[in-house]
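Next come the chains, spelled out residue by residue.
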Amino acid sequence: MAERPEYVIRVKGLVNRFGKQVVHDHLDLDVRRDEVLALVGGSGAGKSVLLRSILGLHRPNAGRIEVLGHRIRYEEPGPFKKWGVLFQGGALISGLTVQENVELPIALHSKVPLATRRELAVLKLFMVGLDLTAASKYPNELSGGMRKRASLARALALDPKILFLDEPTAGLDPIAATDFDQLVSYLHANLDLTIVMITHDVDTLFSVCERVAVLVNRSVIVDTTENIVKNDDPWIQEYFGDPRAVRARRAMPGPEPGGVGELESS
Amino acid sequence: MNQFLTVENNQGTLEVSLRNNWVFENIPALSAELEAVDWEAANEVRFKCGGLQEFDLSGAWLLYDKSLDIEDIGGKADFDDFQAGHLKFLEHIIDSAAVNEYIPGFFDKQKTHYWRSGVEKIGKNTIEVFESVGYISRAILNGVKRPSRLLIGETIRQVHATGAAAIPIVMVVCFLMGVVLAYQSARQLEQFGANIFMVDLVANSIFRELGVLLAAIMVAGRSGSAFAAALGTMKLNEEVDALRVMGLNPNQILILPRILGLVIALPLLTIFANIAGLAGGAFIGATVLDINWLMFTERLAFTISPNDVLVGISKAPVFAMLIAVTGTLRGMQVQGSAEELGRLTTVAVVQSIFLIIVADSIFSVVYARIGF
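As given, the protein sequences belong to chains A and B, one line each in that order.
Using this note's numbering, you'd call the opening residue of the first sequence number 1 and step up by one each time.
Using this note's numbering, you'd call the opening residue of the second sequence number 1 and step up by one each time.
Possibly wrong hints are sitting among the right ones.
[Claimed, not checked] If you want a taste of the chain A side facing chain B, the calculated C-beta under 7 Å gives, among others:
| # | residue |
| --- | --- |
| 1 | S94 |
| 2 | M127 |
| 3 | D159 |
| 4 | R218 |
[As the list claims (entries may be wrong)] Straight line, CA to CA, 25 Å or less: simulated DSS-like cross-link-like pairs of lysine-lysine:
| # | chain 1 | residue 1 | chain 2 | residue 2 |
| --- | --- | --- | --- | --- |
| 5 | A | K137 | B | K121 |
| 6 | B | K76 | B | K88 |
| 7 | A | K137 | B | K124 |
| 8 | B | K88 | B | K48 |
| 9 | B | K48 | B | K76 |
| 10 | B | K88 | A | K82 |
| 11 | B | K76 | A | K111 |
| 12 | B | K66 | B | K48 |
Calculated from the structure, these hints are not laboratory results.
Since the structure is predicted, the reported quantities are computational estimates derived from the model, not experimental observations.
For glycine and all other residues, C-beta sits at the position ideal for the given N, C-alpha and C.
Please build the complete structure, drawing on both the sequences and the hints.
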């Protein structure tokens, strides 16, 4: 096995300001290999800005970001073969079918033979629990949950090392959300994946994630899901003291990663 | 020497030793090397995976796919020293997806029936136009009953956006058209020493046809597309639906002000267009053709009657209706995708220009018949 670094994402001294409003003040964050890290924080705490900075979609005022040893610079191509991103609304290309959407990154980044390309795309669709009927549809013909799955299949198209999920369960009904959580756990258990997700869903937080990064006071507090609740920061106390969070925490440890068969129930 | 695998034939068993990184990036090379092997040389194939460094799902799929191929031709495939769970994972995926039957023709293009779809399209378009004209008439009637529903402010804003803001570009275009007309007619008329008739030609064509036509075409390009794009985006953002559930009529709020605004704006714009066109002619007359301002105006008063001016301006409201109805109708038809928005915006502009020219030719015939 090749030598692999312990940290896949390193954020050092990140500063983000909008006018006089300081969102991140010398924020440091390290993401370990093969972990599932949740980013939480109140609205306006800078979760999306942090994610966009890591992806090179936002120009930070200061700081250094490395992903897989690759220095991230604004609007310059990052390690795009090694990461996959699930955007909040799915961001599937609306003029292409689901199948073509998944084929797109494969077609753009390699000289994979056509037949293999199609097989790989179908494989990725099966992996997220979609079938051929869905593959030939256009994104606007799909339900919200299916769109997220299709988008996840596209994010996984290049067998990435890191998967970024932006509110993966937002807008899904509880059953679909639980299915999606199981799907993420299942993929994490079976592929060598590091997963970084923004989430507001406490169920997701406690059932899927191993560590939590809480954005408070323009900085970040990182701890395991068990320990974070003991932190005495007032916002964290309020967040995890909320009845919904308490209930979700009681349901820990999360369910065994399910198989695709179960996932198809949605 | 292969980079990723070596094959040895060991007493009826192909021993395939895998090496290096079987990952997505190497797929082209991997498939080429897999292709090159003569799989039918032996009945049994053993994949030796001990030498693998990195292995991901794509690499696993190539291997798995090959093992299926081997079994298809009656062989047997086995794996040695396999640590990663990828193949198991793959099998699991394939098994649980096996309920999905193969859909015949999934990768084939759909056959199109040109004739049928053409006729269907004409029918559909006709119904749509009647439908939208109906909605709009109802909205206008409602407005007449309750003038407060006419949204005077929004209408004035539309007059500004589609009319006043277009004045500079329309005037420049018409001025240049006047210049071109003056030059071309002078070249012919010079042969007869009848330069002064340039004024007749320029003034008649500008007033009766070109002023209004150019203004309408410019507005179709500027505002027809803007209507379609604005309404289409609102449709995609569910803003139109939001208006509906709040009990507001989108036709009343979004479409009517645009139509009324344009119907007011285009005749006014035509007047500016006419002035600019004449100025272009007069400019060439004064600088090139020895027809000074005084001669130009004198000849103009002699050759042009108020009728000629009215002919041009009377077409403007009709053209305005065509542009506004086409633009808003196409905009409201946007559904689902950004691609659709672009397509319908194009359709709106092309169709409105087409309809303007069709309507203009009808006007020419009718006006000639009634001697207007």
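Using the nearest Cβ pair, does A:M127 come within less than 7 Å of chain B?
It holds, given that the least Cβ distance between A:M127 and chain B is near 5 Å, below 7 Å.
Please work out if B:K48 and B:K76 have their alpha carbons no farther apart than 25 Å.
Cα-Cα ~14 Å, so holds.
Is the straight-line distance between the alpha-carbon of B:K76 and that of B:K88 25 Å or less?
17 Å, holds
Is the straight-line distance between the alpha-carbon of B:K88 and that of A:K82 25 Å or less?
OK: B:K88 and A:K82 at ~23 Å, within 25 Å.
Given the hint that A:K137 pairs with B:K121, does the C-alpha gap stay at or below 25 Å?
22 Å, holds
Restraint satisfaction for A:D159 [CB to CB of chain B, less than 7 Å]
4 Å, holds
Does B:K48 sit within 25 Å of B:K66, going by the straight-line distance between their CA atoms?
14 Å, holds
Taking the least C-beta to C-beta distance, is A:R218 closer than 7 Å to chain B?
32 Å, violated
Mind checking the alpha carbons of B:K76 and A:K111 for me, to see if they're no more than 25 Å apart?
30 Å, violated
Is the Cα-Cα distance between B:K88 and B:K48 25 Å or less?
16 Å, holds
Regarding the pair A:K137 and B:K124, is the alpha-carbon distance no greater than 25 Å?
The hint holds at about 24 Å.
Classify the hint on A:S94 as holds or violated, based on whether any CB of chain B lies nearer than 7 Å to its CB.
3 Å, holds
Checked against the numbered hints above, the structure violates hints 4, 11; every other hint is satisfied.
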